[in-house]
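Protein chains: 4
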Amino acid sequence: MSVDVFSAHKAEAPFQLRPEKAAIIVVDMINEFCKPGGKMVLPGYEKLVSPQLAVIDNAREHDMPIFWVHDVHRKNMRREREFLKRSPHGEEGSWGTEIISDLKAREDDIHIIKRRYSSFYQTDLNLTLKDMRIEQVIVFGVVTNICVRSTVADAFFEGYEILVPQDCCAATGPREQESSLYDIATHFGVVCNSNDIVDALKSGSPINNIIND
Amino acid sequence: MSVDVFSAHKAEAPFQLRPEKAAIIVVDMINEFCKPGGKMVLPGYEKLVSPQLAVIDNAREHDMPIFWVHDVHRKNMRREREFLKRSPHGEEGSWGTEIISDLKAREDDIHIIKRRYSSFYQTDLNLTLKDMRIEQVIVFGVVTNICVRSTVADAFFEGYEILVPQDCCAATGPREQESSLYDIATHFGVVCNSNDIVDALKSGSPINNIIND
Amino acid sequence: MSVDVFSAHKAEAPFQLRPEKAAIIVVDMINEFCKPGGKMVLPGYEKLVSPQLAVIDNAREHDMPIFWVHDVHRKNMRREREFLKRSPHGEEGSWGTEIISDLKAREDDIHIIKRRYSSFYQTDLNLTLKDMRIEQVIVFGVVTNICVRSTVADAFFEGYEILVPQDCCAATGPREQESSLYDIATHFGVVCNSNDIVDALKSGSPINNIIND
Amino acid sequence: MSVDVFSAHKAEAPFQLRPEKAAIIVVDMINEFCKPGGKMVLPGYEKLVSPQLAVIDNAREHDMPIFWVHDVHRKNMRREREFLKRSPHGEEGSWGTEIISDLKAREDDIHIIKRRYSSFYQTDLNLTLKDMRIEQVIVFGVVTNICVRSTVADAFFEGYEILVPQDCCAATGPREQESSLYDIATHFGVVCNSNDIVDALKSGSPINNIIND
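Protein chains in written order, with numbering that gives the first Met the number 0: chain E, 0 to 212; chain Z, 0 to 212; chain Y, 0 to 212; chain V, 0 to 212.
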């Protein structure tokens, strides 16, 4: 795939996954955004489950910590500023804020409560990653072009190496999926497929950016 | 223009510009990204100049502060982490970090030095906006899909009302321009044209989101 | 009380409490730091309860939100960096992290979980204060010279007007109590007594800094 | 020196200085706070110069980077919120914001502009430390109880190991000097003397906290 002249000014090296320094960040795979009855459902979450589980299960075998990010909004705010732009959703204490059961999140995994699109914005994600000695993050979930992408941007600013398996992410539409993955691949990290990560965990092979020239 | 089912869950109100509470944030209109000889040139910056000047000149008449954001990187870092992903650019002290002369930036405008894509990340932009009593920001510049968009995202998290004039922004390619403006319009703020802002400043008319159903 | 020559360079105005813009922030009044059996007990918390309740009860009558800050540390971190300096305490899920029952915290008050001394550091306190439209904070709890003071410092940087009732705070020792209150009074906000706040809520009277020349 | 019962709950290990991972942060040794004619002078800065130079000169021999923090305030803010509490000072472009010439700061050292008491608050200090691969910071300057202490607190939250040479710091008064150093020693880092650092750089000897039981 060809890269535009501006984006082409990049440094590029294959991603060498180091499981003892890596964590999984699963963004917003909550009932509210996935399941019938949710207040803001993205159609077709089902196709994400199998590749996500493949990455998660293999990561668990290498003792990589799993961070589950939940979009949760406090009740009874005088002026919830996200809701000036988006419909209310993710009310604290509601079914909607739970991780979909398909993914078998464990209570003793690490759960992060976020209030805005980015998993880093006014949460303890960054300090917890550092208390876990993490330097590499594998980020996926919904939606690619908003919460996943905002999380990836902040992870990059904070200096993490970033891997985004594209088949574990869904956007609000096909153009947005392609465009956000393109921006991530050229400016923030490495975009790959879930089986590249599984292979890397099994064999130690480096992972190439899917969009790299 | 039609909006996908997920993005459609939004609150929408016309933007009522209040010049005494508003500021312009011009992102990265520096030689390095615009002018021949720059290290990372986006072709075609010329077409941005006239609409940008229209907004800036009218804003000046209303005493709105102009914030000029410069992407500047310190020299001699042991491991400049942005340069692990992007080619070196914006060296401090170089011609490349100056605002293009076409825009007639003034020394007594407000100049912000940033180190990463977002104009908010580890800069004094947020506190300076607050010391200027600003609640609304008009954001534009280059490139739409990276530095403009990252700045818009952080401005939204911080609670500012956001206006993005599309003809004052350029992306790395047409798909990225459309996709980032779509995401901004549906999740972060109001996308409009430069003349909507000029009209609003002259007549007080509200500004409608260009992408709104 | 006399102020040193450096600290004397200050602006000083009586504090005009506006209940509709004000919130209470109660810092770390948890079992761990107060009650027998806690892992890090400050002797003599009992004398704080009555003045704290006076402020809290009067604030509730004016519909001021109460923010209860809990110092809570995640379990099983690979290297919990606070515990490189301080003994382990505040384990998540433990009795120690609950607000002491004397203060009658309500579940539908606002509860903030913090990981470090400052109530602002990587928590959602700041965005929640803003979603509640708060501009003034009354801060107290334990210990004056560490967690209260760190919270006050960050509140000042973020632009809140700050009131600290001295009889609602306890330090690790008398010199530390006096010294931190002096620094707060000269550099961060207004130090007063609990009954000044009660009076202000009843009569609208301004509150004077206890240390002001 | 005896430590109170609350503060005594600490972990304590001698500080092993690693010059290739360490930096010096000199806080606010600017004309405004030191020299006759400054707007907010702390009497007696002269006694700091010799121990500060001893640390700085030895650090330079080990290629440790020197970070000079300047307190600088923008002009013409509509409401400079620090000046609601403190008299105006540190005007950008003024003589007052320059490092005192006694310390021989170099232009190619790292200079950080801060707007509030903490050297970390909305500055690029943290990302620059990380781009320099720094994990340990030696912090000193003026005034111990406000800007030095705020910087130390944020450095601790960010996970740096901290060393504060007491004879390189001055507070607004003797009680404040003792109290802030006590808090730093018990809750944030290691307090020592300048010659302990010089010795450690020469011999590799560990540095003990001056206040440790």
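Everything labelled a hint here was simulated from the structure, so no lab data went into it. This structure is a prediction, so every number in the text was calculated from the model and none was measured. Keep in mind that a hint or two might mislead.
Unchecked claim - Derived DSBU-like pairs: lysine-lysine, alpha-carbon spacing no greater than 30 Å straight-line: (1) Z/K38 with E/K20; (2) Y/K20 with E/K74; (3) Y/K20 with E/K20; (4) V/K129 with Z/K84; (5) E/K74 with Y/K84; (6) Y/K9 with E/K74; (7) Y/K84 with V/K103; (8) V/K74 with Z/K20; (9) V/K103 with V/K9; (10) V/K129 with Y/K84; (11) E/K103 with Y/K20; (12) E/K129 with Z/K9; (13) Y/K201 with E/K74; (14) Z/K129 with Y/K34; (15) Y/K9 with Y/K38; (16) E/K74 with Z/K38; (17) V/K84 with Y/K20; (18) E/K74 with Z/K9; (19) V/K103 with Z/K74; (20) Z/K84 with V/K84; (21) V/K46 with Z/K201; (22) Z/K9 with Y/K38; (23) V/K46 with Y/K9; (24) Z/K201 with E/K9; (25) E/K129 with Z/K84; (26) Z/K38 with V/K129; (27) Y/K74 with V/K84; (28) E/K84 with Z/K201; (29) Y/K9 with Z/K20; (30) Z/K129 with Y/K74; (31) V/K74 with Y/K129; (32) Z/K74 with V/K84; (33) V/K20 with Z/K74; (34) E/K20 with Y/K74; (35) V/K46 with E/K20; (36) Z/K129 with Y/K9; (37) V/K9 with Y/K38; (38) Z/K38 with E/K9; (39) Z/K9 with E/K84; (40) E/K129 with Y/K9.
Tested hints:
{"no.": "1", "hint": "Z/K38 with E/K20", "result": "violated (34 Å)"}
{"no.": "2", "hint": "Y/K20 with E/K74", "result": "holds (18 Å)"}
{"no.": "3", "hint": "Y/K20 with E/K20", "result": "violated (45 Å)"}
{"no.": "4", "hint": "V/K129 with Z/K84", "result": "holds (16 Å)"}
{"no.": "5", "hint": "E/K74 with Y/K84", "result": "violated (36 Å)"}
{"no.": "6", "hint": "Y/K9 with E/K74", "result": "violated (40 Å)"}
{"no.": "7", "hint": "Y/K84 with V/K103", "result": "violated (34 Å)"}
{"no.": "8", "hint": "V/K74 with Z/K20", "result": "holds (18 Å)"}
{"no.": "9", "hint": "V/K103 with V/K9", "result": "violated (38 Å)"}
{"no.": "10", "hint": "V/K129 with Y/K84", "result": "holds (21 Å)"}
{"no.": "11", "hint": "E/K103 with Y/K20", "result": "violated (43 Å)"}
{"no.": "12", "hint": "E/K129 with Z/K9", "result": "violated (35 Å)"}
{"no.": "13", "hint": "Y/K201 with E/K74", "result": "holds (29 Å)"}
{"no.": "14", "hint": "Z/K129 with Y/K34", "result": "violated (41 Å)"}
{"no.": "15", "hint": "Y/K9 with Y/K38", "result": "violated (40 Å)"}
{"no.": "16", "hint": "E/K74 with Z/K38", "result": "violated (49 Å)"}
{"no.": "17", "hint": "V/K84 with Y/K20", "result": "holds (19 Å)"}
{"no.": "18", "hint": "E/K74 with Z/K9", "result": "holds (18 Å)"}
{"no.": "19", "hint": "V/K103 with Z/K74", "result": "holds (20 Å)"}
{"no.": "20", "hint": "Z/K84 with V/K84", "result": "violated (43 Å)"}
{"no.": "21", "hint": "V/K46 with Z/K201", "result": "violated (61 Å)"}
{"no.": "22", "hint": "Z/K9 with Y/K38", "result": "violated (48 Å)"}
{"no.": "23", "hint": "V/K46 with Y/K9", "result": "holds (26 Å)"}
{"no.": "24", "hint": "Z/K201 with E/K9", "result": "violated (43 Å)"}
{"no.": "25", "hint": "E/K129 with Z/K84", "result": "holds (21 Å)"}
{"no.": "26", "hint": "Z/K38 with V/K129", "result": "holds (25 Å)"}
{"no.": "27", "hint": "Y/K74 with V/K84", "result": "violated (40 Å)"}
{"no.": "28", "hint": "E/K84 with Z/K201", "result": "holds (26 Å)"}
{"no.": "29", "hint": "Y/K9 with Z/K20", "result": "holds (28 Å)"}
{"no.": "30", "hint": "Z/K129 with Y/K74", "result": "violated (38 Å)"}
{"no.": "31", "hint": "V/K74 with Y/K129", "result": "holds (27 Å)"}
{"no.": "32", "hint": "Z/K74 with V/K84", "result": "violated (36 Å)"}
{"no.": "33", "hint": "V/K20 with Z/K74", "result": "holds (18 Å)"}
{"no.": "34", "hint": "E/K20 with Y/K74", "result": "holds (18 Å)"}
{"no.": "35", "hint": "V/K46 with E/K20", "result": "violated (46 Å)"}
{"no.": "36", "hint": "Z/K129 with Y/K9", "result": "holds (21 Å)"}
{"no.": "37", "hint": "V/K9 with Y/K38", "result": "holds (12 Å)"}
{"no.": "38", "hint": "Z/K38 with E/K9", "result": "holds (12 Å)"}
{"no.": "39", "hint": "Z/K9 with E/K84", "result": "holds (6 Å)"}
{"no.": "40", "hint": "E/K129 with Y/K9", "result": "violated (39 Å)"}
Of the numbered hints given earlier, the model fails hints 1, 3, 5, 6, 7, 9, 11, 12, 14, 15, 16, 20, 21, 22, 24, 27, 30, 32, 35, 40; all others are met.
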